[in-house]
Amino acid sequence: MNRRLRLWLVGVGGAGLAALLVAACLDLPRFGGDRHPYGDRAVRASLSRHTANTISSVNFDQRAFDTLGEMSILFAAVLGCVVLLRQTRDEHRDRPEPAEVARPVRGYALLVLPVALLTGLYVIAHGQLSPGGGFQGGVVAATALHLLYLGADYRALERVRPIGVFEVGDALSAAAYLVTGLAAVLAGTAFLTNTLLPYGTFNTLSSGGTVPLLNAAIGMEVACAVVVLLARFLDQAVEIEQDKGEGEVRAP
Amino acid sequence: MHVLPYLVAVWIFLVGCYGLATSRNLIHAVGCLAVCQSATYVLLLAVGYRDGATAPVFSDVKPGSRPVVDPVVQALALTDVVVGATVTALLLALVVQVAKRHGTVDPDELSELRG
Amino acid sequence: MTDAVIVVALLLVAASATVAVATRDPERQALVLSVLGVVLAVLFTVLQAPDVGLSQLAVGSAVTPLLLLLTVRKVRRRPRRKEPPP
Amino acid sequence: MNGWILAAALVLAGGVGATLWGVASGPLRRRVIAQNLTTALACPALLLLAQGYDRPSYVDVALVLALLGPVGTLVFARLLADELTGDPPRAWGATWAVAGLGTVVVAILCAVAAPGRATAKLLVTGVLLIGGNVVASRALAGGFGGVRRG
Amino acid sequence: MNRRTTLLTAAELLGWWAALALLWLVFISAVDTLELAVGAAAAAVGALAAHAARRAVTDR
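Chains as they are written, first to last, in our numbering: chain A, 1 to 252; chain B, 1 to 115; chain C, 1 to 86; chain D, 1 to 150; chain E, 1 to 60.
Think of the hints as simulated: they come from the structure by calculation, not from any bench. All C-beta atoms, glycine included, are put in the ideal place defined by N, C-alpha and C. Be a bit skeptical, because a hint or two may be false.
[What the hints assert, rightly or not] Pairwise CB distance ranges (calculated):
| no. | chain 1 | residue 1 | chain 2 | residue 2 | range |
| --- | --- | --- | --- | --- | --- |
| 1 | E | G15 | A | A171 | 34 to 44 Å |
| 2 | A | R93 | D | V127 | 53 to 63 Å |
| 3 | B | E109 | A | V185 | 48 to 58 Å |
| 4 | B | V98 | E | N2 | 30 to 40 Å |
| 5 | B | Q97 | C | A15 | 33 to 43 Å |
The shape of chain A in the complex, shown without the other chains:
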């Protein structure tokens, strides 16, 4: 199929899709309308279980099984990356070269790394109270670690990042989520129901039953997953070089 024909096909298909979508939009409930039956019920359920952040309650209590699915997608994506970006037989590792970084940039990186890590942990820990949660805080904490690559070089990052530990952490936190769900089954209710722990005082760290536990498991999972992902990409971009092969000329 040549390029011109493809563009025509895209144009016609796109116009049809656009017409259908606009027609659908005109039929949707008005933006900002007052009728949100599911939302109102979710808020009531969340308040009855003493969870201040309703969104966390939906994620880790009312729809915890759905989050298990999301977590397995995340796990599978990381697994796929690890398999795709492994070092093959015709490749070798070169030691990364040290980088010259301006003094204020290096100082900034060393100063902000612990602050960003603490913020990430804060966002995870307060997931069931204020905006935030495991998904967001995990990414923030993992990003914090990579300040060492930005402010220094890859060798420095490799020294503080034992990748095996993070791979094990990824698997362990995924298992922790499942175990928390299964504990509910052992206690005589359904998988992942939030009846195991007392609901606690509203708006404190221990409120919400199993919500904080699942939240922490997801936080650890996401942080480890992002670290492992970025490690594979950094390895490929910085360390792994192809051996001299057929017809290839490498710059000396």
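Assemble chains B, C, D and E onto chain A, guided by the hints.
Below, chains B, C, D and E without anything else, positioned relative to chain A:
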């Protein structure tokens, strides 16, 4: 104003699809896919919005004192933002593999190589 | 007044999405995508979804650009094995 | 009529609109500067919105942006260093002007808030934002010398 | 590893821990025992990371 957010979501989606179809570089195509994904978040949150309401997070407001927006769609969008980023990473890993195997990331050249 | 800020954020998102698609060079597109991430986070905050805004910020400001640029670097460094047929 | 939200809308329409134009066109040095300024403008807008909606918990979003926005710019400064060294961006005027705007916004918000934890959090956000953006600007203007592979 | 470096390391860790614990107190809205315990643990993690990062950059 009643349909503007929905129309913006439709626009973002269509623009992303156009970019995907006409892309000459697989890395650019992955970026366009990320644009398409963001259309779904805009649509979901627009559906859940309520005039004059605030976020259903009761750490600093008293429950019941103010109307709140729909938390269900927010929960859907929230998880997908992070999971979508890892899926983007998976696609980029595929691009790296394609570049290793075929020495090009232009989809047109790739189909010529195969055929 | 809340409507005005929603309209502003929506238009910014639509514009930056269009620019992100129209920028064909992946490195420059990564720059636009990181701006798109920030603008989306503002839109989500304006739509009263700070959780989603936080999520978008965490992912869009540093992780996605880092992944894209590392891929560009890996792909660029690779010498071409075959010249494309004329 | 809520002046805070109006101010945020103005910052977004004027400031972020302009940086969007900057990132969409021109040479690479202009685009990276515009990307850095987007962070520096969006963060005060988020702080103003938190005040306008009367929700102190929304400050967390601005805090995370103040932390990670400059980190994002450092990513570009680090990985595009080869292309930027030949044509280094210099826009200290714009950087300091936007930093000034951030300072003014944080100062006003601290003045109206009752002194306490919330004020301290605002100050931390402001310091992280302004320090981060100045350092990111410095990094763009040749912070990474001689990175060939690494 | 002599006595002096051990003392310096301890001082560095303690300094970071105190600064980060203070920052945690700034972030949170209400104080209770569990909150303080979690904050102290998080600050300890941050202090260890700060120390490891500093060492990775300077000693090589």
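Quick rundown of the hints versus the structure:
no.: 1; hint: E/G15 <-> A/A171: 34 to 44 Å; in the structure: 35 Å, holds
no.: 2; hint: A/R93 <-> D/V127: 53 to 63 Å; in the structure: 40 Å, violated
no.: 3; hint: B/E109 <-> A/V185: 48 to 58 Å; in the structure: 53 Å, holds
no.: 4; hint: B/V98 <-> E/N2: 30 to 40 Å; in the structure: 55 Å, violated
no.: 5; hint: B/Q97 <-> C/A15: 33 to 43 Å; in the structure: 34 Å, holds
When held up to the earlier numbered hints, the structure conflicts with 2, 4 and fits the remainder.
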